[in-house]
Amino acid sequence: MIPLKSTAELEKFRESILSKRNSDKPCITICSGSGCRAGGSVRLAEVFKEELEKRGLQTKIDVKETGCHGFCEKGPLVVIYPQEISYVQVKPEDAAEVVSETLVNGNIIERLVYSNPETGEKIAHENDIPFYKYQTRLIFGNNSRTDPTSIDDYIALGGYSALAKALYGMAPDQVIDAVTKSGLRGRGGGGFPTGRKWAEAAHLTSDIKYVIVNADEGDPGAYMDRSVLEGNPHSVLEGLIIGAYAVGSHEGFIYVRAEYPLAVTNVGIAIKQAGEYGLLGKDILGSGFDFKVIIHRGAGAFVSGESSALMTAIEGQVGEPRPKHIHTVIKGVWDKPSVLNNVETWANVPVIIDKGAQWYASIGTEGSKGTKIFSLVGKVNSTGLVEVPMGTSIRDIVFKIGGGIPGGKKFKAVQTGGPSGGCIPESLLDSPVDFDELTRLGAMMGSGGMIVMDEDTCMVDVARYFLDFLKDESCGKCTPCREGITQMLGILTDLCEGRGEEGDLELLEAIAEVTKSASLCALGQTAPNSVLTTMKYFRDEYEAHIREKRCPAGVCKALFSYYIDPAKCKACMICFRNCPVGAIVGEKGQIHVIDQTKCTKCGTCFDMCPKRFGAVTKVSGTVPAPLPLNERAIQKAK
Amino acid sequence: METSLEKVDHIVDSYTCDDSMLIQILQDVQTEYNWLPREAIVRVCEKLQIPVSRAYRIATFYTLFSLQPRGRHLVNVCLGTACHVRGGPRILEKVQEITGISAGHTTADMRYSLERVNCLGCCALGPVMTVDGEAHGKLVVKDVEGILNRYE
Numbered sequence: 000m001i002p003l004k005s006t007a008e009l010e011k012f013r014e015s016i017l018s019k020r021n022s023d024k025p026c027i028t029i030c031s032g033s034g035c036r037a038g039g040s041v042r043l044a045e046v047f048k049e050e051l052e053k054r055g056l057q058t059k060i061d062v063k064e065t066g067c068h069g070f071c072e073k074g075p076l077v078v079i080y081p082q083e084i085s086y087v088q089v090k091p092e093d094a095a096e097v098v099s100e101t102l103v104n105g106n107i108i109e110r111l112v113y114s115n116p117e118t119g120e121k122i123a124h125e126n127d128i129p130f131y132k133y134q135t136r137l138i139f140g141n142n143s144r145t146d147p148t149s150i151d152d153y154i155a156l157g158g159y160s161a162l163a164k165a166l167y168g169m170a171p172d173q174v175i176d177a178v179t180k181s182g183l184r185g186r187g188g189g190g191f192p193t194g195r196k197w198a199e200a201a202h203l204t205s206d207i208k209y210v211i212v213n214a215d216e217g218d219p220g221a222y223m224d225r226s227v228l229e230g231n232p233h234s235v236l237e238g239l240i241i242g243a244y245a246v247g248s249h250e251g252f253i254y255v256r257a258e259y260p261l262a263v264t265n266v267g268i269a270i271k272q273a274g275e276y277g278l279l280g281k282d283i284l285g286s287g288f289d290f291k292v293i294i295h296r297g298a299g300a301f302v303s304g305e306s307s308a309l310m311t312a313i314e315g316q317v318g319e320p321r322p323k324h325i326h327t328v329i330k331g332v333w334d335k336p337s338v339l340n341n342v343e344t345w346a347n348v349p350v351i352i353d354k355g356a357q358w359y360a361s362i363g364t365e366g367s368k369g370t371k372i373f374s375l376v377g378k379v380n381s382t383g384l385v386e387v388p389m390g391t392s393i394r395d396i397v398f399k400i401g402g403g404i405p406g407g408k409k410f411k412a413v414q415t416g417g418p419s420g421g422c423i424p425e426s427l428l429d430s431p432v433d434f435d436e437l438t439r440l441g442a443m444m445g446s447g448g449m450i451v452m453d454e455d456t457c458m459v460d461v462a463r464y465f466l467d468f469l470k471d472e473s474c475g476k477c478t479p480c481r482e483g484i485t486q487m488l489g490i491l492t493d494l495c496e497g498r499g500e501e502g503d504l505e506l507l508e509a510i511a512e513v514t515k516s517a518s519l520c521a522l523g524q525t526a527p528n529s530v531l532t533t534m535k536y537f538r539d540e541y542e543a544h545i546r547e548k549r550c551p552a553g554v555c556k557a558l559f560s561y562y563i564d565p566a567k568c569k570a571c572m573i574c575f576r577n578c579p580v581g582a583i584v585g586e587k588g589q590i591h592v593i594d595q596t597k598c599t600k601c602g603t604c605f606d607m608c609p610k611r612f613g614a615v616t617k618v619s620g621t622v623p624a625p626l627p628l629n630e631r632a633i634q635k636a637k
Numbered sequence: 000m001e002t003s004l005e006k007v008d009h010i011v012d013s014y015t016c017d018d019s020m021l022i023q024i025l026q027d028v029q030t031e032y033n034w035l036p037r038e039a040i041v042r043v044c045e046k047l048q049i050p051v052s053r054a055y056r057i058a059t060f061y062t063l064f065s066l067q068p069r070g071r072h073l074v075n076v077c078l079g080t081a082c083h084v085r086g087g088p089r090i091l092e093k094v095q096e097i098t099g100i101s102a103g104h105t106t107a108d109m110r111y112s113l114e115r116v117n118c119l120g121c122c123a124l125g126p127v128m129t130v131d132g133e134a135h136g137k138l139v140v141k142d143v144e145g146i147l148n149r150y151e
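Protein sequence lines, in the order shown, are assigned to chains G and Z.
Take the first sequence: its position 244, counting from 1, is numbered 243 in numbering that gives the first Met the number 0, and each next residue is one higher.
Take the second sequence: its position 54, counting from 1, is numbered 53 in numbering that gives the first Met the number 0, and each next residue is one higher.
Note that these hints are calculated values from the structure, not bench results.
Warning: the hint list may mix true and false statements.
Label pairs and their in silico Cβ distance ranges [as the list claims (entries may be wrong)]:
no.: 1; chain 1: Z; residue 1: V51; chain 2: G; residue 2: V618; range: 53 to 59 angstroms
no.: 2; chain 1: G; residue 1: Q634; chain 2: Z; residue 2: R149; range: 22 to 28 angstroms
no.: 3; chain 1: Z; residue 1: R149; chain 2: G; residue 2: L17; range: 35 to 41 angstroms
no.: 4; chain 1: G; residue 1: P565; chain 2: Z; residue 2: R110; range: 40 to 46 angstroms
no.: 5; chain 1: G; residue 1: E500; chain 2: Z; residue 2: R56; range: 37 to 43 angstroms
no.: 6; chain 1: Z; residue 1: R110; chain 2: G; residue 2: G406; range: 35 to 41 angstroms
Note that beta-carbon positions come from the ideal geometry of N, C-alpha and C, so glycine has one too.
Model the full structure from these sequences, guided by the hints.
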């Protein structure tokens, strides 16, 4: 039957896969996304296989390494089918017990079950865990059910039926019409209507047109594209082929960061398999439509994720942006019409074709349809990838799904949109998240990074951090971006190091406006967002840095000091022994004191002081004078 | 260098001498040598019939490329936003203090090369550093020395 030559053959093949599979057969699935891999999931899978072999169970129980499940905080994640028992933070030494207790005896191991930190309730099924419960996983859902290196897994779940439907049941303009009516907007940051982009390319007469997947996901703190490409590469490929058919393209590129080696590998395997199955290459599914794909690995340049820069990189040149008086849709790679969408956008296409534009458009808000995957990271209890309908409130994402802030700390802000985005304060937590609302707040959707910050985060330092990032990543081609970022960074560094002056904020605002309006590409145009939003919502912090030379969050080293609270110090000698510069004065039975002239503020004492004492604190402003020597003896409890 | 340049020829040939694949070719060459020796760059350009300056422009633009030999172990400290707010900069300081080099450099004994990277995509484990691709997560300053010592 391979290669598949028609819709009927695809369906028959799907049935044959399903008939060979027994849904009652026990299966251990292990999340093998990047987060769980870093936590040791590869070794864990090996141990499970060894354990099954040892017991002669290898033919009775399957082991499957799947794509990213999203709940990275609790990795490595294991789900046991058919009961769908979910185990979190599973270690290799747990494997034997999982096999004997759960798979053989059918008992749930309490210790490995997720425990709700608020209620203490043990939850044994993924769908009942709050992190998953409040999500709508249109794009991301199949990740946990498929082995990304198996095209059969994808086909078994209905994969490539959207492609068959488009090729055999829809004319190219009907496909474009469906995408337009679905309301799909680009998930890479800009939010440009995808259907409009496709229509523009489709109407051009050109011997060659290109379609491109932008997988140069450079925003720090955003990794949803990586997880989709690693975990379900065929969904992206299917979307791309449908798009190529719609606009009349026969050649495509997948531009992926070299920092994502697993994504490169998995998408390479997917391309090879799709070719063998007749889903890629000549005469796809016997329809007469030809299409081929080439992978390009980026080599580490944030700006190369910008559309015109990415296309220049595909040509084998330095990936710098160029003026877009003529859109890349009209003149892109080698001056040919080029449709570029990001990973998540392409992965939405099969869903739209499969379920229909109307159904898709029923999800989301007026101006933003469908779902969006966010990477919820930073100071939040349940770090991970979260897919929700557009319009979900930030509060629901951070508190209901993310479980709030760790350590009883206070929420301060959430930063969206990567280095181009902005910070949203607590007062706006109930804002619905969609393209237009985030832009209105001065932040932006970006690729969907959502970094939670608590009271220990300094907003001036955050703005400085993003500009420092952008200073390195600005290609330097245009002056407003190159110089604007450098000058703003200079001022912010002064503020963080205690050299802030009156008038600095006004100067920052002025430079920000020029950089915003005069830069060549979106990198420079959006670079001031983090400065402008933090100044708008957290002006008091800026003023404390300038007027009082204080860093209220205790982050900017020049503006706070470590101080040992004499009422809490138990003279345990831990900080004394660990201080790398010998700045702590004390002995057994004598309350310790930090010699401020020697202290380098490395924070070792702060980290090492036992939590039950909590004697080492940060003081912003004047440090209280140390106790006189004769009053330092520890008072024994009576 | 004579014999090893054959490897460069192989790499360029595997891309059918297509100069649009220059960035890919240089990546493969770097994988082979662990850095980009001048002889190798020149050979690539000869085979592709392009000016050497074009390859150097690329090699100096992208952060992935190194024009200097790199150490036996590559230490990447993540300074993505999630790691930044969770204390990544202090991890970097500690690594710098132990190795005596700043980011972008290699120790004199060729033991470590140190780089700062902008997000490794395992934010749940932040702050993170990788040594030779192996991730070490949820780091605190006092763990750093022990981890580095494991790599000879």
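Quiz prompt | Distance restraint hint 40 to 46 angstroms, applied to the beta-carbon atoms of P565/G and R110/Z | solution = Hint holds: Cβ distance 44 angstroms, inside 40 to 46 angstroms.
Self-check item: Supplied distance hint 53 to 59 angstroms, evaluated on CB atoms of V51/Z and V618/G
Solution: Given about 57 angstroms between the Cβ atoms, the range holds.
Self-check item: Distance restraint hint 22 to 28 angstroms, applied to the beta-carbon atoms of Q634/G and R149/Z
Solution: violated, 44 angstroms
Practice problem: For the range 35 to 41 angstroms, tell me whether the beta carbons of R149/Z and L17/G fit it or not. | Solution: violated, 47 angstroms
Quiz item: Does the hinted range 37 to 43 angstroms hold for E500/G and R56/Z at CB?
Solution: holds, 40 angstroms
Quiz item: Honestly, do R110/Z and G406/G meet the 35 to 41 angstroms range at C-beta?
Solution: Once the Cβ atoms are compared, 37 angstroms apart, the range 35 to 41 angstroms for G406/G and R110/Z holds.
Hint compliance for this structure: hints 2, 3 are not met, and every other hint is.
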